[in-house]
Every structure is written in C-alpha cells, then in structure tokens.
Amino acid sequence: MNSGVVALAFISLIVSAGAFLGFYAGARRKMDLEQWIVGDRGFGMLLVWLLMAGEVYTTFTFLGASGWAYSKGGPVLYILAYQPLMYVVSFFILPQVWEVGRKYRMQTQADFFQVRYNNKYLAAFVALVGVVFIVPYLQLQLMGLGMIVEVASYGAIHRTTAMVISFLIVAAFVLTSGIRGVAWVSVLKDLLLLFSAVFVGVAVPYIYFGGIGPMFAALVRAKPAHLVMPGATTNLGHSWYVSTVLLVSVGFYMWPQFFGASFSAKSSDTLRRNAVVMPFYSITMPLMFFVGLAATLILPGLSNGDLSMLTMVRKTFPAWFLGLIGGAGALTAMVPAGVMILTAATLFAKNMCRPIFRPGMTDQQVAKLAKTTVLVITVAALCAAIYSSPTLVSLLLVGYGGVGQFFPGVVLGLYSKRVTMPGVFAGVVTGVFVFVALWLTRHDPVMGLNAGFIALCCNVVVVAVVSLLTPAERGEFDEHHHTNIA
Amino acid sequence: MRKPSVGAILLALTPFVAVCFSVSLWDRIYPIVLGLPFNFFWLIAWLLLTPVCMWGAYRLEAPRSSDRHREDGGTA
Numbered sequence: 145m146n147s148g149v150v151a152l153a154f155i156s157l158i159v160s161a162g163a164f165l166g167f168y169a170g171a172r173r174k175m176d177l178e179q180w181i182v183g184d185r186g187f188g189m190l191l192v193w194l195l196m197a198g199e200v201y202t203t204f205t206f207l208g209a210s211g212w213a214y215s216k217g218g219p220v221l222y223i224l225a226y227q228p229l230m231y232v233v234s235f236f237i238l239p240q241v242w243e244v245g246r247k248y249r250m251q252t253q254a255d256f257f258q259v260r261y262n263n264k265y266l267a268a269f270v271a272l273v274g275v276v277f278i279v280p281y282l283q284l285q286l287m288g289l290g291m292i293v294e295v296a297s298y299g300a301i302h303r304t305t306a307m308v309i310s311f312l313i314v315a316a317f318v319l320t321s322g323i324r325g326v327a328w329v330s331v332l333k334d335l336l337l338l339f340s341a342v343f344v345g346v347a348v349p350y351i352y353f354g355g356i357g358p359m360f361a362a363l364v365r366a367k368p369a370h371l372v373m374p375g376a377t378t379n380l381g382h383s384w385y386v387s388t389v390l391l392v393s394v395g396f397y398m399w400p401q402f403f404g405a406s407f408s409a410k411s412s413d414t415l416r417r418n419a420v421v422m423p424f425y426s427i428t429m430p431l432m433f434f435v436g437l438a439a440t441l442i443l444p445g446l447s448n449g450d451l452s453m454l455t456m457v458r459k460t461f462p463a464w465f466l467g468l469i470g471g472a473g474a475l476t477a478m479v480p481a482g483v484m485i486l487t488a489a490t491l492f493a494k495n496m497c498r499p500i501f502r503p504g505m506t507d508q509q510v511a512k513l514a515k516t517t518v519l520v521i522t523v524a525a526l527c528a529a530i531y532s533s534p535t536l537v538s539l540l541l542v543g544y545g546g547v548g549q550f551f552p553g554v555v556l557g558l559y560s561k562r563v564t565m566p567g568v569f570a571g572v573v574t575g576v577f578v579f580v581a582l583w584l585t586r587h588d589p590v591m592g593l594n595a596g597f598i599a600l601c602c603n604v605v606v607v608a609v610v611s612l613l614t615p616a617e618r619g620e621f622d623e624h625h626h627t628n629i630a
Numbered sequence: 794m795r796k797p798s799v800g801a802i803l804l805a806l807t808p809f810v811a812v813c814f815s816v817s818l819w820d821r822i823y824p825i826v827l828g829l830p831f832n833f834f835w836l837i838a839w840l841l842l843t844p845v846c847m848w849g850a851y852r853l854e855a856p857r858s859s860d861r862h863r864e865d866g867g868t869a
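Residue numbers (my numbering), protein chains in the order written: chain X, 145 to 630; chain Z, 794 to 869.
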C-alpha cells in the first residue's frame, strides 16, 4: 500500500469516529431550537470547558500558528499574549452575560442587543455583521481541511475536492447533532490535539537538534532577527503587537459563537472558574511555534508557510502517523466549523429574517430556516476558500476587525446606565465601516497599528459622543435588577 | 450590573501590563532562560501566572456574585 492511502485511511477513520460520536450524542434528544443551539443550558464545567476549548483551538492553532512562526517569526508571539488576556476579559463579561441570558431566555448574541437596547434593527445589524465575519473564520477551517488532505494524500487529491467532501460531512454533522453533539466530539478532538501537539512539538526539535534548547541555539546563530519583532516582516513591530493584542483579547468573546457558548453553561460560576483555568490549555501553543521555527531551518523556502507543520510531520514520521495528525487536524477544523455554522444560521433565521421580514414565523419555522441557512453559509465559505488564498492568520485577523466592534455595546450595555441605543448603533456602524474601508484599501496595518484597533477607537469615541447627545434611556437590565432587589 | 471590585480589576490589569504594554522591555533574545529566548520564556511564564492572578480575582468576586446555586464541577 502506498503512503498516501495509509495516511488517508487513518484520517477517514478518525473523522468517522468523530462524526459517529456527534450523531449519537445528538440523536438521543428531541431537537428543538433551544436544545439545538444552547443544549438546554445544562452544561457543567467540564462540558463547557471542552466546548469552549473545542471552539477556541481551531485549525488556526494547528496550522496557522506554526505557519506564522515559519513565515513571519517574532510577530507570532501576539498569539501567546492574547490567549491568557482574552480569558481575563471574559471573567468580567461572560458571567454577567449568562445571568441576563438566563433571565430573558437569550439564545444568540443578537438577542442580547435586542433585549438591552430594544431595537430590532440594531439586533439585525449585529446579526448581519456576525454572519458576514464568521465566513472568513469558516473559510480558514475549510482551507485547513483542504491542506491536510492534500498533504496527506501526497498531492493525489486536489485541495478543492478535499474541501468539498469535508464540508459535506460538517454540514450533515451540524444538521443532525446540534451543540451537544459538537461538544462531545470536542472530547475526542482535544485528546488527539493535545497528544499531537505535545508529541510533535517535543519530538521535532529533539530529532533534528537534540532538544528545544539546542534548536533555539541554532536559530539564534542562523537567524536571530527572526525570533524578535518584527521578525521577517517590516510593518509588524511593537505598536502593531500592542494594538493587535488589545483588539483580539477584547474581541475574542465577541465572536457570536463564543459569546453564545456561554449560554450553554449551567451557572455563572462555571464561567468564572473557566476563565481562571483556561490559560493552562494554551500551553500547547508554543509547541506549535517550535515546529514552525524548526521548519525555517530544516525546510527553508516553502511557498506556503501554513503547510510547514504538515510538511515537517510528513518528512519526519511514517505515513500512519501523518494520518493520525491529519485526523486530529481535520476534527480541529470540523468542530469549530460546526459551531460557527450553527451560530450563523440561527442568527440569520432568528434575528434577521423573522423580526425584519417575516414577523409571523413560529419557532419550528425558524429552526427549519436555520437548517436551510446552514447549507447556504457553508457554500459561501467554500466559494471564498476556492477563489482566494490569504494566510490563515490574516483571515482570522480580518474577522476580529469586524466582530471586535461589538465590544463597546456589550461592556457598556452590562455596566453603564448612560449608554444609549443610538450611541451603540452609531458606534458599531462607524467601527465596521472604518475597518472595512481600511482593509479594502489595503491599509492594514496602518501607521504601525492594527486597522481593527483604529476602527474600535473610532467606535468608542462615537458611542461616547452620541450617547451623551441623546437622552438617557432606562436600561432594560437595570430595571429588573431593581425589581429583584425589592 | 454590579461593577467589579477595584482589587479584582487591579489583579486583571497585571497580566495586561506584563504581556502587552511592556513589550519593548522583554522582546529580546537574551538572557536565554531554560533554553528559550527571553521573549518566549516571558510569555510562557505568564500563561502560568495569569491563572494565579485570576484565582485571586475569583476569590474577591465569587462571594459578591448574586449566583445562588453553585456547582462543584461535574458534567451533564
């Protein structure tokens, strides 16, 4: 048997095991909208941890991080900084979001804006921006899946074919299992990912250099500038680093799917404790960097840095092991992709279509429309993946430029009495507009700063000015807070 | 919503200062610690120190929470 067949057989085996687990976990329960999207709010600390870790550690971790360590060097360190910081931010937001989410039976991020600001156009706009910016994140997962199959088949299967097959599986998986199925597949995926990351991250430096220390010693001799910022780039220096870390750490839980995942927790304390322990899970991240850095010396001149991890594995280990890593990587793309599609479809059906165009829809009709939307969104991401090919990390940063704009509306909505609906609405529109304008005119980074961060600053100024110019509103959450106390 | 305590906010700002704002102080290769360039070592160390800060914040915030039913881990 040739190596490509062995590797692909292993990948198929792992993906089938994952898909089976998802179908099984989902099939045992009656699947209404509430169960499908928030799992009846019954997830304890372990399952929430797995779900969040499952969504957080995506193809971006697996291929994108090693890819940037290979192609850019020092700037990749921003990932090691934002990961602990985003949990710090979540500590002050998610438990509060959960509290109001339970009180008002919220299922999506746009529901939060609807309840807090009481304006269906603002909620629909938030939903639209969420759906639009999920597409590049989804595209990232698709491209990752395509690369895995392409490398594992030793080029025999074209990337496009691989992406089409993979996403048919993901769409089928999402439609039948809902969020509970996805959470349980995370268990399998996390075990495989942890094993792969630790093994490959330690073994590769050991095999080629005799250890991590000697590998860095060799790098310091050969390319010292690659290890500090701006690394192999000219414009990703310290100011870019600070602005990007700030944008991403506040923007992370603004992803509609991560924001929504908090509703599936059993209590706000679950979320608070999760925020404390989650940074430990990021310890696998530097190991991904090590593989990419080793590849700069062992495999110089790769045309696409995102292939460095898989190419290193293929060069170093037998075919069955490439299959194992590829299978772990495939689940790492499928699980988060599943949640993204689930979230985007629900946002579209529940927060855009029903309130704006078809107010008479029943919950069953919304659930049905959401499932149709699953296919539409999947195809959109597939087309984007086939017709463009940026690096995985740059795709993710585009997403943050968009969803990061929700941050002022969420935080001020929770903690400020003075913020108003017109203020938040004007702020989000300004932020998204400024970001898209800078990005489309290729001004990212601009003046050494992350374009999404500049847009967020404009957003905050507009929220403050417009809120002060408009009359104070009675905050929906506060009103109930007082009744509870009384 | 009740605003977080000053102590918890200060504990939360510590990792922001350490890994974000102070970048120009630690983004260098030397001294090499445990075989790692200093910037890698510094950021990895803060992956372990951030939970310590946030555990402190948790001790301050959890008793103030209005959440009545706590759970002790476990899952569905």
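Simulated from the structure, these hints should not be mistaken for lab results. Accuracy of the hints is not assured; some may be wrong.
[What the hints assert, rightly or not] Dumping the calculated DSS-like pairs for lysine-lysine here, alpha-carbon to alpha-carbon at most 30 Å:
{"hint": "1", "chain 1": "X", "residue 1": "Lys459", "chain 2": "Z", "residue 2": "Lys796"}
{"hint": "2", "chain 1": "X", "residue 1": "Lys367", "chain 2": "Z", "residue 2": "Lys796"}
{"hint": "3", "chain 1": "X", "residue 1": "Lys515", "chain 2": "X", "residue 2": "Lys247"}
{"hint": "4", "chain 1": "X", "residue 1": "Lys512", "chain 2": "X", "residue 2": "Lys264"}
{"hint": "5", "chain 1": "X", "residue 1": "Lys264", "chain 2": "X", "residue 2": "Lys561"}
{"hint": "6", "chain 1": "X", "residue 1": "Lys367", "chain 2": "X", "residue 2": "Lys459"}
{"hint": "7", "chain 1": "X", "residue 1": "Lys247", "chain 2": "X", "residue 2": "Lys512"}
{"hint": "8", "chain 1": "X", "residue 1": "Lys515", "chain 2": "X", "residue 2": "Lys264"}
{"hint": "9", "chain 1": "Z", "residue 1": "Lys796", "chain 2": "X", "residue 2": "Lys515"}
[To be verified] Among chain Z residues calculated to face chain X with C-beta under 7 Å, some are:
{"hint": "10", "residue": "Val799"}
{"hint": "11", "residue": "Gly800"}
{"hint": "12", "residue": "Ala805"}
{"hint": "13", "residue": "Pro808"}
{"hint": "14", "residue": "Val810"}
{"hint": "15", "residue": "Cys813"}
{"hint": "16", "residue": "Ser817"}
{"hint": "17", "residue": "Ile822"}
{"hint": "18", "residue": "Val826"}
{"hint": "19", "residue": "Gly828"}
{"hint": "20", "residue": "Pro830"}
{"hint": "21", "residue": "Ile837"}
{"hint": "22", "residue": "Ala838"}
{"hint": "23", "residue": "Leu840"}
{"hint": "24", "residue": "Val845"}
{"hint": "25", "residue": "Tyr851"}
The beta carbon of each residue, even a glycine, is placed where N, CA and C say it ideally should be.
Let me know if the C-beta of Gly800 of chain Z comes in closer than 7 Å to any C-beta of chain X, holds or violated. 13 Å, violated
Do the numbers back the hint for Pro830 of chain Z, that is, is its least Cβ distance to chain X under 7 Å? Since the shortest Cβ distance to chain X is 5 Å, the answer is holds.
Hint check: Lys515 of chain X vs Lys264 of chain X, CA-CA at most 30 Å. Holds or violated? Cα-Cα ~22 Å, so holds.
Answer holds if the nearest beta-carbon of chain X is closer than 7 Å to that of Val810 of chain Z; otherwise answer violated. The hint is violated - Val810 of chain Z has no Cβ within 7 Å of chain X, the shortest such distance being about 11 Å.
Restraint check, 7 Å cut-off on beta carbons, for Gly828 of chain Z near chain X: 3 Å, holds
The hint names Ala805 of chain Z as touching chain X; please verify it with the least Cβ-Cβ distance against 7 Å. 5 Å, holds
Does Val799 of chain Z meet its interface restraint, that is, does its C-beta lie within less than 7 Å of any C-beta in chain X? Since the shortest Cβ distance to chain X is 13 Å, the answer is violated.
Given hint Lys264 of chain X paired with Lys512 of chain X - CA-CA distance at most 30 Å: Distance ~21 Å between Lys512 of chain X and Lys264 of chain X Cα, so the pair holds.
Hint Ala838 of chain Z vs chain X: min CB-CB distance below 7 Å? Violated, about 10 Å.
Closer than 7 Å between Cβ atoms is the bar; does Ile822 of chain Z clear it against chain X? Give me holds or violated. 6 Å, holds
Given the hinted pair Lys264 of chain X and Lys561 of chain X, is their Cα-Cα distance within 30 Å? 20 Å, holds
30 Å limit on alpha-carbon distance, applied to hinted pair Lys367 of chain X and Lys459 of chain X: Answer holds: Lys367 of chain X to Lys459 of chain X is near 22 Å, not above 30 Å.
Of the hints listed earlier, those the structure fails to meet are numbers 1, 2, 9, 10, 11, 14, 18, 22, 24, in rising order.
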